[in-house]
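A.B. asks: Construct all of the structure, not just a fragment, from the sequences and the given hints.
Going down the list, the sequences are from chains A and B.
Be aware that the first sequence starts at -2, since it is given in the numbering used here, and climbs by one per residue.
Be aware that the second sequence starts at 69, since it is given in the numbering used here, and climbs by one per residue.
Be aware that a few hints might be false.
List time: in silico DSSO-like cross-link candidates among lysine-lysine, alpha-carbon distance up to 27 Å [as the list claims (entries may be wrong)]:
hint, chain 1, residue 1, chain 2, residue 2
1, A, LYS132, B, LYS271
2, A, LYS99, B, LYS279
3, A, LYS98, B, LYS269
4, B, LYS243, A, LYS389
5, A, LYS99, B, LYS269
6, A, LYS99, B, LYS264
7, A, LYS61, B, LYS271
8, B, LYS856, B, LYS414
9, B, LYS264, A, LYS61
10, B, LYS1035, A, LYS61
11, A, LYS98, B, LYS264
DEER-style ranges, computed between Cβ atoms [as the list claims (entries may be wrong)]:
hint, chain 1, residue 1, chain 2, residue 2, range
12, B, ALA1020, A, ASP276, 54 to 64 Å
13, B, PRO102, A, GLU249, 50 to 60 Å
14, B, LYS243, A, ALA176, 56 to 66 Å
Bear in mind the hints are in silico, worked out from the structure with no lab data behind them.
Even for Gly, the Cβ is constructed at its ideal location relative to N, Cα and C.
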Amino acid sequence: MKFIHAADIHLDSPLTGLSAYRDAPVDLLRTATRDAFSNLVSEAIDESVDFVVIAGDLYDGNWKDYNTGIFFSREMGRLNAVGIPVYLIYGNHDAESDTTKKLSLPANVHAFGANKPQTFRIPELKVALHGQSFKHAATTTNLASGYPSPEPGWLNIGVLHTALQGYAAHASYAPCSVAELSAKGYQYWALGHVHEFAELENNPWIVFPGNLQGRHIRETGPRGAVMVTTDQDSIVSVERVFTDVLRWHRLEVDVASASDVVETVRLVGQSLEKLIDDDPTTKPLAVRVVLTGQSAAHGDLFGDEGRLRAEILGLSASLAGDRIWVEKVRLETSPAMDAADIRARADAIADLQVLLDAAPTDPALLSSLSEDLRHLVDRAPHELSDLLPELKAIRAGELGPMVASIIPGLVAHLVKAS
Amino acid sequence: MRIDNLELARYGKFTALPIAMPQAKRDFHLIVGPNEAGKSTIRDAILDLLFGIETRSSYDFLHPKAEMCLGAKISHAGSTLEFQRVKKARSLIDPKGAPLADNALAAFLGTADRAFFDQMFGLDHDRLVTGGNEILKASNDIGRILFQSAAGIGSLGTVRDALEAEADSLWARRKSGDRAYYIAAEELATAEAALKRATVKAKDWTEARDKVQAIEQSLAEVKTKFEALERERMRLERIRRVAPSLRAYTDNSQQLATIGEVAVLPANAAKLLGDTESDVAVAKAQQDISRKLAHEARAKRNAIKVNVDVIRDADAIESLAERRQQTTFHERDISKRELEIDGLWKGIQAAIRQLGWAPSDEETLEAKLPPLPIRRAIAGLIKQHGGLERTLVAATEAESTKRRDIVDNESELERNSIVAVSPELRASIDAALRLGDHPTATTRERNKVAKAQREFRTAEAALGEWRLDLADLRRLALPPADVAKRLRSDYEQLQLDQRKWDTKREDLVGEIAALALEIDQYRASQLAVTVEELATARQTRDGLWTTIKNGTRSLADGADDYEARVRGTDDLSDKRHDKAKEAAELQSRIDSLARLRLALKDTEQRLAKIHSQITGVESDWQSRVTALGIPSMPLLAFDQWQSALPKLFAAADAVDLAETDAAELQESFATAKARLRVALGAAAGPLAEDAEIDVQVATANAFVEAATGARARREELSRQIANASAALADLAQKTITANSDLGKWNESWALATTKAGLPNAAIAPADGALALFDDIDNKLKSIREVRKARIEMMRRDLEDFAQQARALAETLAPEMNERDPTDISTELSARLAKAREDKTESDRLDAELKGFDSQIAEAQNKIDIAIARIGPVIKLAGTDDTDALRALIARSDEHRALKSAADAGKSEAEANGDGLAMKQLIEEAIGIDIVQIPARLSEIGRDLAEARDIQAERSANLATASAELGKISGGDEAARAESARQEALSRMADAAERFIKVHIAGKLLRWAIDRFRETKQGPMLARASEIFSGLTLGSFSKLVVDFESDPPRLDGLRPGGRTVGIAGMSDGTRDQLYLALRLAALEMHIGQGHALPFIADDLFINYDDKRSRAGLEALARLSEVTQVIFLSHHNHLLPVVKDVFGGSANIVELDRG
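C.D. replies: Put into C-alpha cells, the structure is as follows:
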C-alpha cells in the first residue's frame, strides 16, 4: 500500500521578487502553484496510490478569489474519478478562508473537523487517520495532545498542522514536541506548516514534506510531497516526489579574479553553464546571481549595475533560453583595496576616503539624505517595504549603516573611473 | 624611493642600455633624444620595472617576451636593492639570477600600484591639456578643480554626473512616465485593476448558483405542460391515422365468418400436385435405358480369363529377370582374369631366375621365401651401416686435430718471451700526457700572449699621442682628481660661454647685416632723408659758396654747380619735410643698428675676455702637462687619458703573466721530454736525438702496448693448451666407442644374411635380393586375390541364377524345366505381361456395371420422393383422388385471401398505433368523431407554440445564468493578475533600491568634495599660487578665491590687482594652472606619503625658453624632495636645463638609432 503526503499547497499564491523583463518566461510562473498541484494529483493517479493526505494550508489566508477553491475541487474530482480518497486538515491559512467555508468538495474528500480530533478509518486497508483542523488562524494550543490512542493492529497516521517547537521562524501554531508525537504510538505523523522538507524521526516517522512549489528566493531547491510505502502496519519507505514547475536557486559567483564588468559577466556565464550542466532535470530555474569576492571589478560593478544586469540577462537567454529567469543580480563584492589601503595612498583619493569615513555619522548629511528619501518612502506601497528592507531603515531614520555600505563601492568606482 | 641606475637589458629596441641616475641635491635627470629615440620606451620600462612587465607588452618585437629583462638599483631610506625584472612567474631576480620574493619591492614602493604610480607620478603633455580642459569644465566648482588636480584624474565630474543622472532616471518627486519607478507603478495599478476584475468572492458564486437553480425549476414546469399538450396531439393524430386500417380489419373478418369451416390446405397445394405427376413420368423412362446397357457389359466381362498363378509369382519372375541382366557378362570376365594370373606368374618366374633359384610351383616358392622379419632386419642393418661409419671417421679426425692444436700452441708459447714495463716509464708517459699536445698547448699560450699584447696595444692606443715609457707612466705623479676636475669644469664652462657668446656674436653680425640692408632698402624705397644727409648737403652747398666768395673758385665756374647744390639741398629739405614719418622710422632703424653694433662690440669684448681666460687655463694646463712629460695634451682629453692608464697597466700585467705562463709551459715540456727519453732508453733502447716529445710518447705507448699484448697472448695460449688437453681424452673415448659399434653391426649382419639364405653377402647384393623377395611376395598375393575375389565369385552368381530359374519353371512351366535358364526367364516374363493386361480390362467392365445399377436405383428414388411430397396434402384433404383433390384446393385458397386482408388491416393499425395494442386502439377510437379531430389539433398546436416560447425564454435565461456561474469555474485570471502585480512590485523595488544607492552615492560625493575643498584649498592654493606665478612669468601674481560669488570661484590675480576667471584664461595659462595645482598637490603628497620618482614626458612642448625655464624651475623645487625624470625631444632645453640646474643635472642623450 502507498499514499502521498503533501502540505502547504498555497494555491494561487504568487511567486514574489521576480521582475519581468523582455523575453522572461512570464507565463511559466503565473500559475506555478496550480501547476505544481496538478502535478501532485497526476502523480497520485499515475502511481495508483491508495489515498492522499494533505496536512493543511491549501490556500493563502488573505486570498479572496473563489476560483482557487473550484480549481481545487476540480482536481479532487480527478482523484474521485479513479477512486482515490483524500484526507485533509485545514491549517492557519485555510482556517478563516471564505473558500474553505463555502466550497463543497467531491465525495472522496474527507476534511477533519475543527472542534475535536477526528478519526477516519479505511477498513479494507486497516488504516486509521487521526486529525484536527484549525478552527482559527491563531490556533496556538497543543492539538496533538488530544489525538486519540492508536488503533491496535492498524496503521495509525496522525495528520497535524503544526509549527512544532524550536522552529523560531514560524509562529507557534499548534505547538507540540517531536518526543510527544513519538510517544503517541502512531506509525506516521503527516505534518504541515513548515515549508522545508524535514524527516524529523523515522521510528515512528515524523515528516514535513515541505511546500509543493518554492515561491521566492528564500524557498530554494526542489519542492514537492512524499510518497509513503507501507507493509501492513509499518512504514517501509518515505521518498520525496518533486512537483514544482520552477525551481529557485541562489548562484554565488566569486568574481575576485575579475577586473571589470566584461570579465565578471564571463565568470557568471561559466557558473550559469555549470549550473545548467549539473542540474539533472530540465525544470526552469529562477536564479539569484550573487556576486562575491574581493574584486578589482567592484568599482565598475557598483557604477554600472544596470549594464551588468542587462549583460547577465542576455547571457542567460543565450545559454539557457527560457530555462533560466534571472531573479536578481546582487552585489556582495568588496573592493580590492580596503579603506586602510586607500588611506595609505596619501593622495586626494585617500583624503576623500578619510572624509567619507566620517559621513555615516555626520548628522547634517544624514538629515539631508533622510529628507530626500522620505518622499520616496512615504509614497511607496506598503508591500514594497517587505521587498526592500532599506525603506524601513529610511522610515526609522537609520541611514548610517546604509551610507557606510555604499562608501567602499563609491570610492572603488571613483578609483576605477580614473 | 629613487632609481640609482636603470638598465634596459633586453627591452624594446634596446639591448644592454645603461642609464645612470646619480643622486644630487636636485635629483633631476634629463633624458633627451630625437623622436623615435626611445623616450616613451624608457617611461614604460620604469613602470614595467617597478610593477611587472605587462602581459600584452608591445616591447617584445626584438627580444621575445621570455627574454625581456630590465635591471635597476633602487634605494629608499638608506636601503638599496639591485634586481632584475623578467617576464616570468617569479619575475624579480637578484643580479645572480636567484628569484626574489614577489613583494621584494614593497618596502620601496609603499602601497602604490601601477595605476596609482602612473596617475600620481606621471605627467605628459596630453594629460596637461586634458587637465586644463577639465579645469575649464569645472570652473564654477573649486572643490572639483582641487580634487581632480590633486588626484590626477579628470573623471570626478563624470562619475558624479552619471550617478545623479541615473538617480534621476529612476525616481524623483515629480511623477514621470520616463522614470523606471513610475513605469513600474503604472504596471502595478494596471495589475491591481485586473485583479479586482478577476477576483470572485464565495458570495458571488453562491448567488450565481442559486439563480441557476431557480431558473432550472421554472423551466422544468413549462416543460411538463408542453409534454401534456404534445401527448394529446399525438393521440388525436394516431386515431386519425389508424382509422382506415381498423376498417379493413373488421370488414374482412365478417366475410370469413360467412364462408364457414374449410379444410385448410397449403397455399402451394395446386402446384405440388402438378409437379408430382411430371417427376414420376421422367424417372421411369430413365430406369429402362440403364437396364439395357448393364446387360451388354456383363456379357463382355464373362468372356475374359486371367492367369492368376503368374500374377501371384510376379515378384519372383521379375527378380529372376533382374538376375539374368546381372550375370549376362560373367563368362567373358572369368576368361580375362585367368589371363591376368598367367601374366603375374611369368613375372615371378623371371625373378626366380635372377635369384638363381630352380623353377618351382607356387607352394614351394612360398615356402622358400625368407620370412618378412628377417627381410626387415637386413634392411634396418643396411640403413644403420652408413651412420656408424661416419661417426667413426668424425671421431678419429677430431682427435687428431686437437692433438695438432696442442702441439702448435706449445710451440708458439715457447717462442713468445716475457717483456717488462718499468713504473718509471709509465710515470714518464703520464707526466708528458698531462702537459697535453705540445704544439696545441704552445699555440694556446702564444695566442694568450698575443691577445694580451693586442689588448696592451689597444690600451696604449687609448693614450693617444701622449705615450711614455711604461715605467715612467707608472711613476707619473698626476694632478689630484679634484684639481683636474675643477680645471676641466672651469674650462668646459668657459668653452660653453665662448660658444654661447660666439653664437650671440654671429647672431648680432647677422642681425646687423640684415638691418643695414633693410635700412638701405627702406631708404631707397621711401626716399627718406636723415638729418645727417640734410646737414651734409647744406654743408657741401655752403662750402662751395665759401670757395666762390673767397675767390678760390670763380663765379662763372662755380655758379651752376652752386645752383645745383642749392636745388639739391632744397629738394632734400623738402623731402625731409614731406617724409618726416619715414625719416623718423629710418632714424629709428639706424639707431637700432647703432645699438646692435654696440652690442656686437660688447660681445666681442666678452669673447676676448673669455678667450683670454681660456688661454690662461690652457697655459696653466700646459705647464702642468709639460712637467708631466706629456706636453700639448689638451685639458679635455686628460680625463679620458687618465682613465685609460689603469687599463694600460692591467694590460701590461696581463702580457707579463701570459709570457711567464708560456715560458713555464716550455720548461715543463723539456723536463718531461728528458725524463721520458731516459725511461724509454732503458726499456726499449736509445731513441733518435732529435725525436720530439710527441714522437717519444707515441714510441713509449707503442712499447707499453706491445708488452701488454704479448703478456695477454701468453695467457691466452696457456689457457687454450689446458682446455685442449682436457678435451683430448673425451675425443679418444668417442673413437673407441665408434669402433665398438661397427663391430657389433658386423655380427648382426652375418647372422641375418645367413637366415635369409644369403650367407656372407655384401650389402649391395643383399639389398637387391631383398627387392626381388618383395616383388615375388607381392605378385603371389595378387594371384591369390584375383582367384578368390573375382573368378570364384562370378561362378557362384551363375550357379544361383540357374537354380532360381529351374525352381520357378517347376511351379509355373514344368514343360520348360530342362531348358536354358535364360530362356526360362525370358518366357516367364512374357507370360506375366499378358496376365496383367487381361486383369485390367476385367476390372474396367466391373466398374461400368456398377454405374448402371446405381442409375436405376437413383431413378427409383426420384419417383418415391415425388409421391412422398404430395402425401401431406392428400392426408389433409382426406382423398388421393386427383380431381377431388383439385376442388378442395380451390376452396382453401379463397379462405386464405380473406384472412390475409383482415390481418393486414390489424398489422397496419398496430404499426401506426404508437405501440398500442389492437384492443387499445379500437377502444381509443370509440366515441371519437373523426371529423372533429382537425379542429382540436389546431387548438392544441397554438397551446404548444406558446409553451415552446416560454421554454425557450427560460432556457436562454438558464444559459446566461449558467454562463455566469461557469465563469466561476476555477479559472486562473486572478492568479495571473496577482502574479503580474508582484512583478510590478519587484520592478518598483529594484528601481527604488538602485535609486537609494546612486542617490546616496552622488550626494556623498558632492558632500565629500565640499569638505575636501574646505580642508585643502588653503595650503594647496597657497603653494599652487606661487608656482603659477612663476610659470606665468609673473603675469599672474597669485590665485585667489572669490567668496563673494556663489559658488565660490577660483581666479587668477594680475599684478595690477585685476582678477581673471578661469574661463577668461588662455588655453596655455589653464595648462599652467593645472600644472601648478598638480605640482602643489604632489609636494603635499610627498610631504605626508611615500615619495616615488616623478616622470615628466615632454611637458613643455609649446613653451618658449622663458616659460620652459619657469617650468623647469618649478620642477627643480620638486627635485629637491623626490627624483624627477624629465623626458624630452627638445635639444634646445639643454642649455636651459644647465642654466637652471648648473652642473648638478644628469643629462642622458639618446640616439635615434
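A.B. asks: Out of the numbered hints, which ones does the structure contradict?
C.D. replies: none
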